[in-house]
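Q: What follows is each chain in one-letter form.
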Amino acid sequence: MTTMTAWKARVYVTLKHGVLDPQGRAVENALKVLGFDEVGDVRVGKYVELGLAAPDRETALARVEEMCRRLLANPVIEQSRFDLTEAQGDS
Amino acid sequence: MTTMTAWKARVYVTLKHGVLDPQGRAVENALKVLGFDEVGDVRVGKYVELGLAAPDRETALARVEEMCRRLLANPVIEQSRFDLTEAQGDS
Amino acid sequence: MRWAVVVFPGTNCELDCHHVVADVLGQPADFVWHKDTSLDGFDAVVLPGGFSYGDYLRTGAIARFSPIMGAVEEFAAAGRPVIGICNGFQILLEAGLLPGAMRRNDNLKFRCHDVHLRVENAATPFTNRCRPGQVLRIPIKHGEGNYHADRATLEELERNGRVVFRYVAPDGAVTPAANPNGSLNNIAGIINERGNVLGMMPHPEIAAERLLGMEDGRPIFESIVAYVEGTAGARWVPAAAARARSRETPGKGGAADGR
Amino acid sequence: MAADRKATARPWEEVGLTHEEYGRIEGLLGRPPNPVELGLFGLMWSEHCSYKTSKSSLKKLPTRGPRVVQGPGENAGVVDIGDGIAVAFKIESHNHPSFIEPYQGAATGVGGILRDIFAMGARPIAILDSLRFGELDEGKNRWLFGGVVGGIGGYGNCFGCPTVGGEVYFEPSYRGNPLVNAMCVGLVDRDQVFYGRAEGEGNPLILVGSKTGRDGIHGASLLASKEFDERAEERRPAVQVGDPFLEKLLLEACLELLNTGAVVGLTDLGAAGLTSAASEMASRGGHGLEIDLDKVPRRETGMTPYEVMLSESQERMLVVARAGREDDVRRVFAKWDLDAAVVGRVTAGGRLRVLEKGRVVADVPAAALAKDAPVYERPEAEPAYLDKTRAFDFAALPVPADLAGVLVRLLAAPDIADKSWVYQQYDHFILTNTVVRPGSDAAVLRLKGTRRGLALTTDGNGRYVYLDPRAGAAIAVAEAARNVVCSGAEPLAVTNCLNFGNPERPEIMWQFRRTVEGLAEACRALGTPVTGGNVSFYNETLGENIYPTPVIGLVGVLEDVERDQTTQWFKDEGDLVALLGPLGGVPAVGLGGSEYLKVVHGLVAGRPPALDLDLEARVHRACLRAIRAGLVKSAHDVSDGGLAVTLAEACFGGPGENAPVGAAIELPAAGPVAGGAAGDATSSPAARLDAILFGEDQSRIVVSLDPAGAARLRRIAAEEDAPLTVIGRVGGQALKIAVAGRPVIERPVAALKKLWKEAIPWLMK
Ligand SMILES: Nc1ncnc2c1ncn2[C@@H]1O[C@H](COP(=O)(O)OP(=O)(O)O)[C@@H](O)[C@H]1O
Ligand SMILES: [Mg+2]
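So the sequences go chain by chain: A, B, C and D.
Numbered by my numbering, the letters in the first sequence go through residues 185 to 275 in order.
Numbered by my numbering, the letters in the second sequence go through residues 185 to 275 in order.
Numbered by my numbering, the letters in the third sequence go through residues 100 to 358 in order.
Numbered by my numbering, the letters in the fourth sequence go through residues 20 to 784 in order.
Keep in mind that the hints were calculated from the coordinates and are not lab data.
The model shown is predicted, which means the values in this text are computed figures rather than measured ones.
Below are the DMTMM-like pairs computed for lysine to aspartate or glutamate, each with C-alpha atoms no more than 25 Å apart in a straight line: (1) A:LYS230 <-> B:GLU250; (2) A:LYS200 <-> D:GLU326; (3) C:LYS134 <-> D:GLU275; (4) A:LYS230 <-> B:GLU222; (5) B:LYS216 <-> A:GLU242; (6) D:LYS159 <-> A:GLU249; (7) D:LYS590 <-> C:ASP315; (8) D:LYS159 <-> C:ASP205; (9) D:LYS652 <-> D:GLU676; (10) C:LYS208 <-> B:ASP225; (11) A:LYS200 <-> D:GLU319; (12) D:LYS230 <-> A:ASP225; (13) B:LYS216 <-> A:GLU250; (14) B:LYS200 <-> B:GLU233; (15) D:LYS230 <-> A:ASP221; (16) D:LYS617 <-> D:GLU186; (17) C:LYS208 <-> B:GLU262; (18) D:LYS314 <-> A:ASP225; (19) B:LYS192 <-> A:ASP225; (20) B:LYS192 <-> A:GLU262; (21) B:LYS200 <-> C:GLU254; (22) D:LYS79 <-> D:GLU399; (23) A:LYS230 <-> B:GLU262; (24) D:LYS354 <-> A:ASP221; (25) B:LYS200 <-> A:ASP267.
So that you can see chain A by itself, here it is in the shape it has in the complex (with noise of 0.2 Å):
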């Protein structure tokens, strides 16, 4: 049997460049009517942190990848990127 180890992975969702974000555009404004008049650009999004168990690190990747592929984004309007750590502890 592989002897297995635990991962953490950090999923970050955004919405496609081009898509409307209405979420993004009212938190935007939200910020400029509470003073924060420097900040731009805002867009909002999802983020998922999960654990995994798996033999490697290509394992492990190639895992989160296609869940990112069939739950996590919704590939019409949103893409997705994410980090992959060993877990520490019992995590």
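Given chain A, work out where chains B, C and D with the ligands should sit, using these hints.
A: Just chains B, C and D with the ligands now, kept in the frame of chain A:
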């Protein structure tokens, strides 16, 4: 006048540990149904990207910090952290 | 008395609240735009439901910074009645006028249907026309009504009779099945320490007329009238006193264990 | 010239036009179109925008009536309902976008139909949704269903308009092409109706609402004018994202603006964006428009004229204001934090001139875009499958022994099962008008300030239409009207959405024409003119066509909402149960295309139930008279699943005081059968138990009443020449049905209700 630099902040907002995360639980179940049995500990949060102008890194850090405290996260149930990078190009 | 119905961008229950107050109860009522800064001349304030700022970022998160909220805080600090319904409740939470926060419903869906509410404290400005323990049938319609507060806050709410409404079965029993959204302790409505600010997720304004098949929401508005006009018994009923009067106080360990 | 596309040898192909159509454009312009102009024609002459295939057939629909204020041709139809109030209503499809991105596709569909309504000056008061998907045992269909329902709720709930009714069916034929039709109803003062017309030379043209981005270029219109193939995924960026929050602001701002008297005309921007809005406004008003693209507020940089003209960015409206009133417009929109930009002006002479940086990038007659598309008489041919389905012999069909088991299977079939999983995701209360919420035959709304009410429904049965388009379409109208009558209202007018496959196939064209004939016939017979609608062709994926699916949206008026509003649920023990309309029982008359045939025998065969429109109208009159006389405690029409299912549903109870209750029913072996080819007075020997219980014979309503009113009900039925049979009594805990003295079904209502209620949630787990 001080010269301004363009910064890009990436803010991650998650529910505090101990606050039940209905979305995280749903995503975890959905991933398992899709055959990702190796997954656990899924948390779903928000990801906010924003651009800002500030004379130096310290000021930028302080401003983003303040945005998180005042608007981007609700301290009753959420926690936030962020990265700050110098923006490339005109961004 | 005069009612203020506050309108934020994206509020959408303002017509309904106004209708109940003005047409059903026959009270003078005005809309107050969120950019206004004064509530002078009003005796009661309604923060209606809806999707202020589209519910973007978090429900109520942006609306709480509207200019009118300063006046709402002063109004509340003066001990005058403020009722926040659904999104209004969420705004009060974000503004810190009520403790706790809302999460998405535990099934992640918007839910629109009747629920049963038990009146846990009938001596508030909002419930003096109800009987203690009375079960009201009133609809909910929300996607984020899953109330959360830390343990200490919850205990404090329970101890001081500040949980005003709880989701229950038609017979009044507190059951998990009667909880439509996952709220802790089946909480549907709470009040501030002073007892003059109420937040509730269900919508009493759509349950105030016989023709619509539901009337249990009307006493909530009538209670406010009675309170303001001084016909509710005492002019002011602090929370602790309310608890003492209520025949039925919530169980010691919170109401999650039923009655 | 800011050309967006390279000049090619066959430029028409890139915009989806034919060589002949290109020639016609040259003829209209007297020169070849430049690339921008060609782009405008490509969109406006697409099937979706031009109705080039359907136009000639649609002329057959009756569109006039004493109450009709505005028939087809505007953003929505308008009918006068008395008391100075008019109702604006319309249905539209968003099938293709919803297939690509169910949540946003459905959401923007709702957004679009809402704008159509407030473009007439009306405040939207109700949304209805008519949905079709493949069957729920397939994951993809569950995903589509969940996403579409989420999107409809997401938009309507946030906007603040209640979704009060609709329907959902699941059939394999919609697997590659779901249908998402949304209807909206609004109220406007009779003399405050606004129209989408550009009039008054020199008046400013003002674009309001959201900023313009690259959303959905070639979105709705081109998608809806092509069939699907494997490449559908590549068109994905065409999907738009809706912002219901902004639309709510837009509504309030528009209504506020209309009150200022500063507005001459307004229209919404939907498919084909600015191009369609401008050319239609100009051609309706008999004027021209000049548009300066540099003035259009944009969300993105570097957009070409072509992109700005074709963008389908949501939540925008186009206003023609009175000259000199620009500031009033700006002030109102500023209050709501919305953009309002003067982008052009009304001109004499009927041309649509588009400028960029001072140069003319397009200059065409507005009417050429909006009205002069070619009209096609495409060839038709009767589909071959009909020989087989018509020849189906019911004699060979076994009658199941366990009829109670059949009832259970039907109640748990997703087509019939409880739809609260759907409508509980919709706010159906907001605006405090909902007297009868989703779950009964039609939704009933009160009209504040009057005694009146509105009853609203959508109906359509693709299976019937597949088996006989003409009859099936007529049934859709009859059923919609019947649902409204059961709720206590008089049917007033119809809007329709015609969802079909690829009309370039002669079989589809044949179905389409017969369908329109059936609609026309039924609308005439029932006195419900058609005030508008929508045609959605090319609902086909990889050569597989959907069932031809006309969806009828019908509006009825209650004279006195308090007195007349009626629900489908039995109320009190001891009440009589009566069947208004024929008893049925002959398989060839009632079982063709039925839910029973599909669920129990796995068959889609026969002819749809026979429909006698004259009988239908008589039954409606009798029912409505009885309701108005206060005799009827409940009324429920017999449709999917037949009499047994109707009775079970009547037992289930509704919200509030309408608790579940049993009934004991005694049916005769079979009565005289209503008209129709096979049904002519066929006598009882042909009757069968399955047809008696589950046959979907038309023109039938189950009513319950206090026994004291029985004689009066009999008299009314006799006067209207409508069949009436007392068939049982309300009471007990069980639904018991006996036929000719022999018990055939007996089940506790609670058990039946549980299965019916849990079926869809269980499938969606
Ligand atoms: N997609 C939907 N949206 C809203 N309400 C729905 C939907 N589908 C069904 N309903 C409601 O459920 C009830 C039953 O629907 P249906 O069986 O189609 O009724 P009927 O056969 O009488 O037309 C109706 O009140 C209808 O409005
Ligand atoms: Mg019906």
